[in-house]
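All chains, full assembly: derive it from the sequences and hints.
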Amino acid sequence: MRDLNRLTAQALVDAFASGKTTSVKATEAALDRIGHVDGEVHAFLHVDAEGALKTAEAVDRDREAGKPLPPLAGVPIAVKDVLVTKGLPTTAGSRILEGWIPPYDATVVERLKAARLPIIGKTNMDEFAMGSSTEHSGYGPTRNPWDLERIPGGSGGGSAAALAAFEVPLAIGSDTGGSIRQPAAVTGTVGVKPTYGAVSRYGVIALASSLDQVGPCARTVHDTALLHEVIAGHDPRDATSLPGSAPKIVAAATRGREDGLEGTKIGVIKELMGKGFQRGVSHRFEEAVHQLKSVGATVTEVSCPSFDYALAAYYLILPSEASSNLAKYDSVRFGLRVDDGGTIERVMGATRAAGFGDEVKRRIILGTYALSAGYYDAYYGSAQKVRTLIQRDFAEAFGSVDVLVSPTCPTTAFRLGEQIDDPLTMYLNDIATIPANLAGIPGMSLPIGLAPEDGLPVGLQILAPAKADDRLYRVGAALEGALVDLWSGTLTTQAPPLEGAKA
Amino acid sequence: MASLDRSEVARLAALARIDLDDCDLDRLAGQLSAIVDAVAKVQEVATPEIPATSHPILMSNVFRPDVVLPSLTQGDALAGAPAAEDGRFRVPQILGED
Chain A
1001 MRDLNRLTAQ ALVDAFASGK TTSVKATEAA LDRIGHVDGE VHAFLHVDAE GALKTAEAVD
1061 RDREAGKPLP PLAGVPIAVK DVLVTKGLPT TAGSRILEGW IPPYDATVVE RLKAARLPII
1121 GKTNMDEFAM GSSTEHSGYG PTRNPWDLER IPGGSGGGSA AALAAFEVPL AIGSDTGGSI
1181 RQPAAVTGTV GVKPTYGAVS RYGVIALASS LDQVGPCART VHDTALLHEV IAGHDPRDAT
1241 SLPGSAPKIV AAATRGREDG LEGTKIGVIK ELMGKGFQRG VSHRFEEAVH QLKSVGATVT
1301 EVSCPSFDYA LAAYYLILPS EASSNLAKYD SVRFGLRVDD GGTIERVMGA TRAAGFGDEV
1361 KRRIILGTYA LSAGYYDAYY GSAQKVRTLI QRDFAEAFGS VDVLVSPTCP TTAFRLGEQI
1421 DDPLTMYLND IATIPANLAG IPGMSLPIGL APEDGLPVGL QILAPAKADD RLYRVGAALE
1481 GALVDLWSGT LTTQAPPLEG AKA
Chain B
13 MASLDRSEVA RLAALARIDL DDCDLDRLAG QLSAIVDAVA KVQEVATPEI PATSHPILMS
73 NVFRPDVVLP SLTQGDALAG APAAEDGRFR VPQILGED
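These protein sequence lines are chains A and B, in that order. Counting in the numbering used here, the first sequence runs from 1001 upward without gaps. Counting in the numbering used here, the second sequence runs from 13 upward without gaps.
Hints listed in this document are in silico derivations from the structure and should not be mistaken for laboratory results. Hints are all accurate, no fakes.
Derived coverage of chain B by chain A (criterion: at least 3 residues anywhere in the stretch with Cβ under 8 Å from a Cβ of chain A; other residues may be distant):
| id | segment |
| --- | --- |
| 1 | 15–26 |
| 2 | 50–56 |
| 3 | 87–100 |
Please read all numbers here as calculations on a predicted model, not as lab measurements. The beta-carbon is built from N, C-alpha and C at its ideal position, and this holds for glycine as well.
Now the structure itself:
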């Protein structure tokens, strides 16, 4: 078969079933592609060729023998380095965990193994998922396959870039304030942050525990749906895991694509448009809203006035929780130790100074401040009240519409280095994605075209009520269907070829 | 609301066990002040009658059956430690000389 790397997960599954190719061939193709282009892209922190091929061989053997296999068996996948993997290095992008080999698997990793997907490797990210560009990785930035001088988004820039560079068809991300959706938007790929608690966080290195959620990433809505169903579901080892059965995701995507959106009510969020949004982003967003109407949806404008305070609340809640979660990097049980022969207090101070990057230090200190006596009510307490206001805005909006839409982020991919010294400007990249994390609701980003002024991908965000993740897929698949017809293929097929691949 | 000055950042960093040199302190104090000024905005709308939300989807009394499950072996638990001795984590001295 021609270029296996460009096939969707569904097309690979079909090709395995019809005997046109094998999992070993698909896995080898992914590894070859990584060998060719990852020197430039740097999506991966670790590649496990041996482990991936071993899984692929076993799947091929069982298929040959006619044994029943799970739906995505044999499809290569990349895993964000924030999920622990037994026997494979896991760093969360931090030097403080350099060389650490976890003694257990995250539940999501266990599920991928049970579903028999070859795990190709671990993807790059901003250190402990703090950032919107991967420039805060302790191991150097990932580059955007659309333009190697630009950021791939963050914190999950590695997973998104691995998809956009055709290194893998599927990837796992995590989203605390937009770390799945914003990288998807700026790389022309699809990413979903499920409802808080819909996917287990057992074995996911914690950033902010009341915001973190793991989710699926791919190049199409349908592939994302297939992966969503593999990883979602209750896990008794995560006390925040939602009990009960997960919504039927793949069926919802199929229905959206086949039946359109007749009868669906969509709200456009007034506060996430206009001022502060790049012209080409707004332009493509308006076009996409027209497309939604053309496939049958009714579109109205809704107001969520408290969203103006979401960013401020987020940058109090996240650092507060992070300052507590990151106290465990104390040089005792795992990770780095810088020992100058002094007391443990001295060793901890020196270890954390050497092991953490600037952004992590900033946020830990900010969180320590927000939680300290005398400031707690004014900062952390007030931020929690804003969280209530955001939830009320969503509740009111979902009283009149089925889903909400906005641009995923205010701009297309910016240049590496452009915002690195200006944390507040960097934080603004997440202005449209943060409200969903504060409220615990699910969100999707999918590509809606290229901004005319710079030729870079633009994403549209869909938001649904908690536990109604299936609505994201129904609306997303309907919109994607209309756009793919228009473009005669997914947006990623328009990405310029990488130098390494020409050689 | 007062911004974070250099000495306050030094105090917080000590509480958080992160050594900072003079150069770090200068840089971080400026950046953190700007961030604190920006996030103080939450106080404009956080009036007393609004309840706080600590968790997006409330659940209470999350239990599991009280049965023993496998856990890490001692060797596995110590495998990633910077130093171990006699099957235990080895730590630097806790108390100073003075």
